[in-house]
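Please take these sequences and the hints and turn them into a complete structure.
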Amino acid sequence: TIPCVSNRKGETEEKAVLRLLRQQNSHQSIQDLGFTAHTRALYQSWLEQPQGMIILTGPTGSGKTSTLYTSLRAIAQESVNIITVEDPVEYVLPGITQTQVNEASGMSFGACLRAILRQDPDVVMIGEVRDPETAETAVRAALTGHLVFTTLHTNDAVGAIPRLKDIGPDPGLISDALLGVIAQRLVRRVCPHCAEAYTPTAKEANFLGLSLSEALEHNWQKGRGCSHCFNSGYLGREAVMEVLHVDDTIRQIIYEGSITDLRRYLQTSGFASFRAAAIDKINAGLTTLEEVKRVLPMSALNPRTMAFPAPVQTAFVARSVPEHFPAFVGHRSPKG
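Here the sequence shown is numbered in the numbering used here, starting from 1 and rising by one per residue.
One or more of the hints may lead you astray.
Stated by the list, open to error - Subject to a maximum C-alpha distance of 25 Å in a straight line, what follows is the list of computed BS3-like cross-link-like pairs (lysine-lysine):
id, residue 1, residue 2
1, 165, 293
2, 222, 203
3, 222, 293
Calculated directly from the structure, the hints in this document are not laboratory data.
Below you can see the structure in the form of structure tokens.
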């Protein structure tokens with residue numbers, strides 16, 4: 001609640017916002033989150049790793065917490081020790097130890113993280129990386145036998161890497177620890193009760209980098225408006241996800257390359273970008289171009305904005321992983 005000197009009518013009053021949370025997370029499984037078949041397989045492969053860092057990024061209200069909680073539920077079992085540090089705890093998850101930050105008593109994210117690492121966790125979820133101490137501790141935890149989930153606030157998945165570097169951890173440690181980054185936004189879903197087939201224009205198709213013939217092959221839809229959706233044409237929300245899978249080349253670029261090197265590489269590597277995800281949702285009739293344009297960064301949608309300088313001839317030298325940070329592959333197994 002904030003006191004207002006003047007409202008629209010010129011009167012003094014208070015202005016309040018209420019955030020209403022469901023009793024339970026509405027997503028029951030990874031399949032409900034909005035991944036494509038390809039990106040879901042990538043994400044599930046990260047969840048099977050016994051160590052490493054997974055970052056979710058996006059603005060407040062983009063669904064990061066729902067994705068985190070659904071992911072923790074997917075890997076929760078009696079033999080897996082999962083501990084979270086949150087600010088605040090939004091949903092209670094059975095079988096998972098949840099702690100809450102209390103800055104007034106000295107329990108910051110960093111202090112909580114140090115404390116829970118003494119409890120021998122298999123999986124750690126950190127609500128947000130805000131300071132160098134938390135970032136450094138989280139990265140080192142991800143290199144020493146813990147699967148670490150956390151969040152950042154960036155425009156896209158690629159932006160999470162320079163942001164994490166800016167906070168403080170050594171780029172070499174980040175490149176070894178990072179499994180992948182998910183950036184997400186929530187768009188309104190076309191109301192299924194009043195959805196109608198819609199023929200896109202050439203201008204609309206070209207905005208997404210598609211030809212009109214490519215767009216016409218799919219089922220673009222718009223909501224007419226009805227009593228179910230209060231005549232808005234939309235009912236519910238759908239996640240649009242950008243998934244950055246960290247392969248060996250990306251690890252090398254994180255260690256000694258630039259953000260421009262990374263974006264250039266991703267243009268030719270089949271990157272599961274926001275634009276690709278948006279096209280998938282629109283083609284399936286789940287949302288509209290107007291909604292995607294409202295929510296996603298403009299640079300993510302129009303391929304003509306993704307122009308880079310000519311590449312500098314840089315030789316990336318293969319770098320071995322230090323012996324004290326072994327690279328594990330396979331399913332998580334109980335410690336012991």
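Could you tell me which of the hints above the structure violates, numbers in ascending order?
1
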